[in-house]
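I would like the entire structure built from these sequences, with the hints used as guidance.
Number of protein chains: 2
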Amino acid sequence: MTKAIRTVAIVGAGLVGSGWAIVFARAGLEVKLYDVDAGIRNHVPAFLKGALEDMQGAGLVDKVDEVLARIEVVDTLEAAVTPAQYVQESVFERVDIKKQISLRIDAAMDSAAVVGSSSSGIPGSAFTEECTNRSRFLVVHPVNPPHLVPVVEIVPAPWTDTDVVTIANDLMSLVGQVPVLVRREIEGFILNRLQGALLNEAWALFEDGYASAADIDKTVAYGLGLRWSFMGPFETIDLNAPGGLKDYAERLAPLYHRIAQSRPTARAWSQEAIAAADAERRVALPAGDLAARREWRDAYLMRLAAFREKQEG
Amino acid sequence: MTKAIRTVAIVGAGLVGSGWAIVFARAGLEVKLYDVDAGIRNHVPAFLKGALEDMQGAGLVDKVDEVLARIEVVDTLEAAVTPAQYVQESVFERVDIKKQISLRIDAAMDSAAVVGSSSSGIPGSAFTEECTNRSRFLVVHPVNPPHLVPVVEIVPAPWTDTDVVTIANDLMSLVGQVPVLVRREIEGFILNRLQGALLNEAWALFEDGYASAADIDKTVAYGLGLRWSFMGPFETIDLNAPGGLKDYAERLAPLYHRIAQSRPTARAWSQEAIAAADAERRVALPAGDLAARREWRDAYLMRLAAFREKQEG
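Here the protein sequences come in this chain order: A and B.
Everything in the first sequence is counted per my numbering, starting at 1 for the first residue and increasing by one.
Everything in the second sequence is counted per my numbering, starting at 1 for the first residue and increasing by one.
Simulated from the structure, these hints should not be mistaken for lab results.
Using N, Cα and C, we set each Cβ at its ideal position, and we do this for glycine too.
Possibly wrong hints are sitting among the right ones.
What the hints assert, rightly or not - Derived BS3-like pairs (lysine-lysine); straight-line CA-CA distance at most 30 angstroms:
{"#": "1", "chain 1": "B", "residue 1": "Lys310", "chain 2": "A", "residue 2": "Lys310"}
{"#": "2", "chain 1": "A", "residue 1": "Lys63", "chain 2": "B", "residue 2": "Lys310"}
{"#": "3", "chain 1": "A", "residue 1": "Lys63", "chain 2": "A", "residue 2": "Lys49"}
{"#": "4", "chain 1": "A", "residue 1": "Lys49", "chain 2": "B", "residue 2": "Lys99"}
{"#": "5", "chain 1": "A", "residue 1": "Lys246", "chain 2": "B", "residue 2": "Lys99"}
To be verified - A few chain B residues that don't get close to chain A, going by computed Cβ distances all over 12 angstroms:
{"#": "6", "residue": "Gly28"}
{"#": "7", "residue": "Ala79"}
{"#": "8", "residue": "Glu129"}
Written out as structure tokens, the structure reads:
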């Protein structure tokens with residue numbers, strides 16, 4: 001199909017791009033990492049070292065120095081992209097920026113290379129149409145941070161070559177991620193549409209006064225989210241009725257249809273509800289503690305990843 | 001407020017009622033367990049012993065025999081209910097059955113006792129209105145199995161006394177569950193409304209051919225579900241933008257509103273989609289393997305519960 005992927009370019013070295021660098025280097029690939037911002041380029045080696053040492057502490061990485069040695073920070077987009085068989089574009093999520101960077105990648109790339117965008121919801125066709133090599137572009141959307149949350153959505157544009165989808169899928173499996181195929185473009189793809197559906201209901205329940213944001217959070221963190229952390233929604237319901245999914249659907253589809261019908265119009269998150277939920281959150285977690293709580297989350301995700309590695313099946 | 005709760009009656013000894021017996025006995029309370037079906041009554045001690053031994057293997061219970069000694073299976077509803085300060089009703093989820101059993105509990109109970117129903121979506125007002133002690137009834141909805149998934153939804157009916165809500169809430173905290181308050185009745189409560197919102201979107205994406213059921217499952221089990229297993233949706237978005245929840249809402253509320261608008265009518269799960277998803281599931285997991293996979297799920301939930309006990313914060 002294509003020559004083997006040995007060198008990966010990452011364009012954009014923010015949190016997502018840096019996480020990608022760890023994913024590829026951990027798997028033994030050579031990484032060329034570029035960011036337009038010299039400050040970020042200077043800072044990123046120390047950030048990667050810290051993240052990898054944390055992962056080593058959690059038993060997720062063996063040899064930090066060897067992984068770091070495979071990541072080279074380069075000063076131009078071309079120095080990253082030209083030698084790469086795969087390019088992961090991870091720049092700011094705005095159509096005009098994605099469009100401009102895609103054209104620059106297009107001009108610098110090997111025409112046999114594949115370019116995946118980390119876009120979390122904007123379909124590739126919104127920013128790759130004018131590229132000469134547009135058949136080599138697609139969306140390869142990770143969850144942040146990609147080195148701790150393995151799912152990746154692969155979303156071809158209408159002009160993406162079939163073999164490019166295969167290459168991206170195989171590469172993601174090779175580096176230990178979990179690829180899912182979104183067969184055609186849709187705004188928000190699968191992951192953010194599922195998240196949005198749950199969030200929209202959560203906001204409506206909060207705004208209508210049925211429960212506090214803290215109690216809605218507990219319903220997920222001590223309830224729904226447990227099974228969902230190792231089985232998806234279809235497998236969950238498949239195991240929740242004696243006769244499997246069909247049996248479950250016969251029993252409960254009417255309930256879920258009534259729930260959908262009880263939200264007849266799409267409600268935006270109101271300014272009042274946002275202010276109220278924000279006020280509740282800022283009492284639970286003052287703004288000054290957000291950064292520390294993010295570190296706690298990432299440390300928890302690391303321990304959870306180490307736990308998951310030990311599970312079979 | 002009320003005399004201390006030392007004896008708990010459980011009416012209905014299926015999977016949910018048996019799990020409740022473990023929850024209360026594990027916490028040191030005396031349990032009277034009743035089921036209308038003599039076959040179930042005969043089988044339940046062996047079931048409880050097996051479940052507790054599995055929990056001991058996972059480090060979740062110390063002394064199986066002491067826990068078992070606190071559970072007495074009794075032959076009449078009255079023998080369970082009359083001596084109890086708290087009753088957990090866990091019979092089949094149909095309004096007529098819940099109504100009939102609630103009246104029988106009502107006739108046998110101490111008028112100062114509290115009666116929680118395990119109803120997963122039917123509001124208490126649909127089946128407790130005619131009870132003399134109706135102010136002592138409310139919904140106390142667990143997730144199955146309650147001894148491994150701690151969240152409990154507390155849902156008062158319009159006639160439930162305020163102190164009954166407090167008693168149920170305090171009891172759940174005391175026995176190690178995580179109570180959430182649903183301030184007034186709504187079909188499906190919080191948990192199944194959130195589950196339904198996500199399921200409805202999952203079914204629509206599946207039916208429209210965007211992804212396989214397996215790939216939708218992976219999106220949750222290797223992505224969304226990881227953070228949701230220790231943080232709820234509000235905390236998740238609060239940590240996902242530099243300025244917290246308000247900042248996140250300003251950036252992303254329009255995306256989620258468009259996602260909602262793209263589902264303008266409530267779609268039922270179609271028979272065709274159900275048949276297709278069922279066919280996919282039965283290839284992934286033959287019907288004959290459902291029971292074994294449920295055991296795997298419960299064993300995984302146990303290991304996850306043991307992992308969670310070791311985490312701080």
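Original post:
Which numbered conditions among the earlier hints are violated in the structure presented, ordered from lowest to highest?
Top reply: Going through the list in order, the structure violates hint 4 alone and respects the others.
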